[in-house]
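Just so you know, the sequences run in chain order A and B.
The numbering of the first sequence is UniProt numbering, which starts it at 1 and goes up by one.
The numbering of the second sequence is UniProt numbering, which starts it at 1 and goes up by one.
If you are wondering where the hints come from, they were derived from the structure by calculation, not from laboratory data.
Since this is a predicted model, take the numbers as computed values, not measurements.
Errors might be hidden in some of the hints.
[To be verified] Keeping only pairs whose Cα atoms sit at most 20 Å apart, straight-line, the calculated EDC-like set for lysine to aspartate or glutamate is: (1) A:Lys95 - A:Asp6; (2) A:Lys20 - A:Asp125; (3) B:Lys23 - A:Asp83; (4) B:Lys28 - A:Asp125; (5) A:Lys65 - B:Glu51; (6) A:Lys90 - B:Glu22.
[Stated by the list, open to error] Covered stretches of chain A (in silico footprint by chain B; criterion: 3 or more residues with CB under 8 Å from a CB of chain B, positions within the stretch not fixed): (7) 45-54; (8) 60-71; (9) 86-99.
[Claimed, not checked] Distance ranges between label pairs, derived from CB positions: (10) B:Val18 - A:Gln8: 29 to 39 Å; (11) B:Ala40 - A:Ala126: 41 to 51 Å; (12) A:Ala126 - B:Lys44: 19 to 29 Å.
Where is the CB? At the ideal position from N, CA and C, for every residue including glycine.
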Amino acid sequence: MLRLPDVQGRQHDLADLRGKVVYLDFWASWCGPCRQSFPWMNQLQQRHAKDGLVVLAVNLDTEAKDAAAFLARYPASFSVLYDATGASAKAWGVKAMPSSYLIDRQGAIRSRHIGFRPSSAAELDAQIAALLQTP
Amino acid sequence: MRICLLLSMTLLAGCATVQPWEKGHLAKPIMAFDPDPLTARQHKQIYTSKEAASGGQGVGTGGCGCN
Chain A
1 MLRLPDVQGR QHDLADLRGK VVYLDFWASW CGPCRQSFPW MNQLQQRHAK
51 DGLVVLAVNL DTEAKDAAAF LARYPASFSV LYDATGASAK AWGVKAMPSS
101 YLIDRQGAIR SRHIGFRPSS AAELDAQIAA LLQTP
Chain B
1 MRICLLLSMT LLAGCATVQP WEKGHLAKPI MAFDPDPLTA RQHKQIYTSK
51 EAASGGQGVG TGGCGCN
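Kindly produce the complete structure, drawing on both the sequences and the hints.
This is the structure we're talking about:
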């Protein structure tokens with residue numbers, strides 16, 4: 001369902017992450033709320049990596065240098081994949097930027113979030129924590 | 001009728017659906033109506049005073065250019 005390269009060109013497949021809880025985020029350098037979401041996603045990865053959470057961020061910039069400039073200002077400690085064509089966003093039905101999907105250990109999409117507000121991060125945290133509890 | 005159809009076809013060719021992830025160019029400051037709010041405000045100030053037009057821009061003057 002999702003197979004994209006990282007900055008080194010190494011392919012990542014979502015299917016390989018079966019058994020993990022995945023927080024999949026679609027972002028672009030020009031998107032304002034994405035800037036706010038990056039520190040939070042770093043924290044998320046840091047806090048829950050040991051519980052089996054993987055944060056995956058798919059960049060949809062058409063220019064790779066825009067994404068690089070963004071990541072220089074807002075570093076990411078999680079995997080960033082690149083899709084300049086936007087084909088993955090289309091396949092996943094992305095309605096706004098950023099859009100994120102919470103995928104359980106069986107590979108099923110549990111919830112979808114449109115946009116990012118720091119005020120709603122706590123709610124997301126709780127949702128993720130609950131999903132990490134379930135096998 | 002035929003001309004009308006032709007015209008609508010050529011004009012509609014300019015319409016495209018912009019997907020949410022394709023708004024990078026639209027998000028650039030240069031694409032804004034007023035890229036620089038301060039310059040825009042100054043232009044409005046001069047315009048309203050020179051045109052002796054009051055209202056609509058929040059500032060009304062007598063046209064002396066001094067306000």
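Tested hints:
no.: 1; hint: A:Lys95 - A:Asp6; in the structure: violated, 23 Å
no.: 2; hint: A:Lys20 - A:Asp125; in the structure: holds, 16 Å
no.: 3; hint: B:Lys23 - A:Asp83; in the structure: holds, 15 Å
no.: 4; hint: B:Lys28 - A:Asp125; in the structure: violated, 32 Å
no.: 5; hint: A:Lys65 - B:Glu51; in the structure: violated, 46 Å
no.: 6; hint: A:Lys90 - B:Glu22; in the structure: holds, 11 Å
no.: 7; hint: 45-54; in the structure: violated (count 0)
no.: 8; hint: 60-71; in the structure: holds (count 5)
no.: 9; hint: 86-99; in the structure: holds (count 8)
no.: 10; hint: B:Val18 - A:Gln8: 29 to 39 Å; in the structure: holds, 31 Å
no.: 11; hint: B:Ala40 - A:Ala126: 41 to 51 Å; in the structure: holds, 44 Å
no.: 12; hint: A:Ala126 - B:Lys44: 19 to 29 Å; in the structure: violated, 48 Å
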